[in-house]
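So the sequences go chain by chain: C and F. Position 32 (the first sequence) corresponds to 32 in the working numbering; numbering is contiguous. Position 98 (the second sequence) corresponds to 213 in the working numbering; numbering is contiguous.
For the record, the hints were derived by calculation from the structure and aren't laboratory data. A portion of the hints provided could be inaccurate.
[As the list claims (entries may be wrong)] For the chain F half of the interface with chain C, some residues (derived, Cβ under 10 Å), not all of them:
id: 1; residue: Ala116
id: 2; residue: Val119
id: 3; residue: Gln121
id: 4; residue: Tyr140
id: 5; residue: Tyr147
id: 6; residue: Phe149
id: 7; residue: Asn156
id: 8; residue: Leu161
id: 9; residue: Lys164
id: 10; residue: Gly168
id: 11; residue: Ser199
id: 12; residue: Thr201
id: 13; residue: Phe205
id: 14; residue: Phe218
[What the hints assert, rightly or not] Below, computed lysine-lysine pairings styled on PhoX-like, alpha-carbon distance capped at 25 Å:
id: 15; chain 1: C; residue 1: Lys55; chain 2: C; residue 2: Lys20
id: 16; chain 1: C; residue 1: Lys66; chain 2: C; residue 2: Lys14
id: 17; chain 1: C; residue 1: Lys14; chain 2: C; residue 2: Lys64
id: 18; chain 1: C; residue 1: Lys41; chain 2: F; residue 2: Lys193
id: 19; chain 1: C; residue 1: Lys41; chain 2: F; residue 2: Lys164
[To be verified] Just a sample of chain F residues kept apart from chain C, beta carbon distances all over 12 Å, derived:
id: 20; residue: Phe129
id: 21; residue: Ser142
id: 22; residue: Gln153
id: 23; residue: Gly158
id: 24; residue: Thr170
id: 25; residue: Leu171
id: 26; residue: Ile175
id: 27; residue: Pro194
id: 28; residue: Pro228
All C-beta atoms in this analysis are idealised placements derived from N, C-alpha and C, irrespective of residue type, glycine included.
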Amino acid sequence: GAVVSQHPSWVICKSGTSVKIECRSLDFQATTMFWYRQFPKQSLMLMATSNEGSKATYEQGVEKDKFLINHASLTLSTLTVTSAHPEDSSFYICSARTQGPYEQYFGPGTRLTVT
Amino acid sequence: AQSVTQLDSQVPVFEEAPVELRCNYSSSVSVYLFWYVQYPNQGLQLLLKYLSGSTLVESINGFEAEFNKSQTSFHLRKPSVHISDTAEYFCAVSDHAGNQFYFGTGTSLTVIP
Numbered sequence: 001g002a003v004v005s006q007h008p009s010w011v012i013c014k015s016g017t018s019v020k021i022e023c024r025s026l027d028f029q030a031t032t033m034f035w036y037r038q039f040p041k042q043s044l045m046l047m048a049t050s051n052e053g054s055k056a057t058y059e060q061g062v063e064k065d066k067f068l069i070n071h072a073s074l075t076l077s078t079l080t081v082t083s084a085h086p087e088d089s090s091f092y093i094c095s096a097r098t099q100g101p102y103e104q105y106f107g108p109g110t111r112l113t114v115t
Numbered sequence: 116a117q118s119v120t121q122l123d124s125q126v127p128v129f130e131e132a133p134v135e136l137r138c139n140y141s142s143s144v145s146v147y148l149f150w151y152v153q154y155p156n157q158g159l160q161l162l163l164k165y166l167s168g169s170t171l172v173e174s175i176n177g178f179e180a181e182f183n184k185s186q187t188s189f190h191l192r193k194p195s196v197h198i199s200d201t202a203e204y205f206c207a208v209s210d211h212a213g214n215q216f217y218f219g220t221g222t223s224l225t226v227i228p
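So here's chain C without its partners, still in its complex pose:
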């Protein structure tokens, strides 16, 4: 149980275009989902926290107009990178949690490459 999927697992896009990444909790309802960014050989950096039906809370320094997060249902959250640039290339990981266990279940990650 407690499986989180991400789609796509790998995406290449041209500079200036937008790309959407989906995060789904497959066998549980996620009241809260988190989006992280990970640079090579570095730790995870929390970008934003989203609760179902509410606006996402962004960490300091994260541009909310560039990284659009939607959490429309208890099993799906999306991250849209708008007007992507090469510096947005990174590994994006989502996680989901339910009430109670205080544990985050992580997706497999999405590698974004902007050319």
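Model the placement of chain F on the given structure of chain C, informed by the hints.
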């Protein structure tokens, strides 16, 4: 707020030797502690966690970690490592509300044949 320090960025160890990956945290409130493992180009997998109770927690693949409140540590140990243990290991801490996880910078464990 909480923070996590993993002092060792890289730990090479020979196969079947013991290993300890260090994790220290700072917090003004009671915390939950976690160790996650990440294999190349994959997401994080929970290795073990301390929420309450016994301060020694174990995983199914032979790892264990001990919560030491006085030393604010949660070191990860394994008495005999395998090649397949080669991966990146992250220590994380959260408050009891679980609203946010703080991750350490990770320790790259390389098991040498």
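Taking the hints in turn, this is what the structure says about them:
| no. | hint | result |
| --- | --- | --- |
| 1 | Ala116 | violated (12 Å) |
| 2 | Val119 | holds (9 Å) |
| 3 | Gln121 | holds (9 Å) |
| 4 | Tyr140 | violated (14 Å) |
| 5 | Tyr147 | holds (6 Å) |
| 6 | Phe149 | holds (7 Å) |
| 7 | Asn156 | holds (7 Å) |
| 8 | Leu161 | holds (7 Å) |
| 9 | Lys164 | holds (6 Å) |
| 10 | Gly168 | violated (14 Å) |
| 11 | Ser199 | violated (18 Å) |
| 12 | Thr201 | violated (15 Å) |
| 13 | Phe205 | holds (6 Å) |
| 14 | Phe218 | holds (5 Å) |
| 15 | C:Lys55 - C:Lys20 | holds (17 Å) |
| 16 | C:Lys66 - C:Lys14 | holds (16 Å) |
| 17 | C:Lys14 - C:Lys64 | holds (21 Å) |
| 18 | C:Lys41 - F:Lys193 | holds (23 Å) |
| 19 | C:Lys41 - F:Lys164 | holds (23 Å) |
| 20 | Phe129 | holds (23 Å) |
| 21 | Ser142 | holds (14 Å) |
| 22 | Gln153 | violated (9 Å) |
| 23 | Gly158 | violated (4 Å) |
| 24 | Thr170 | holds (18 Å) |
| 25 | Leu171 | holds (19 Å) |
| 26 | Ile175 | holds (15 Å) |
| 27 | Pro194 | holds (26 Å) |
| 28 | Pro228 | holds (23 Å) |
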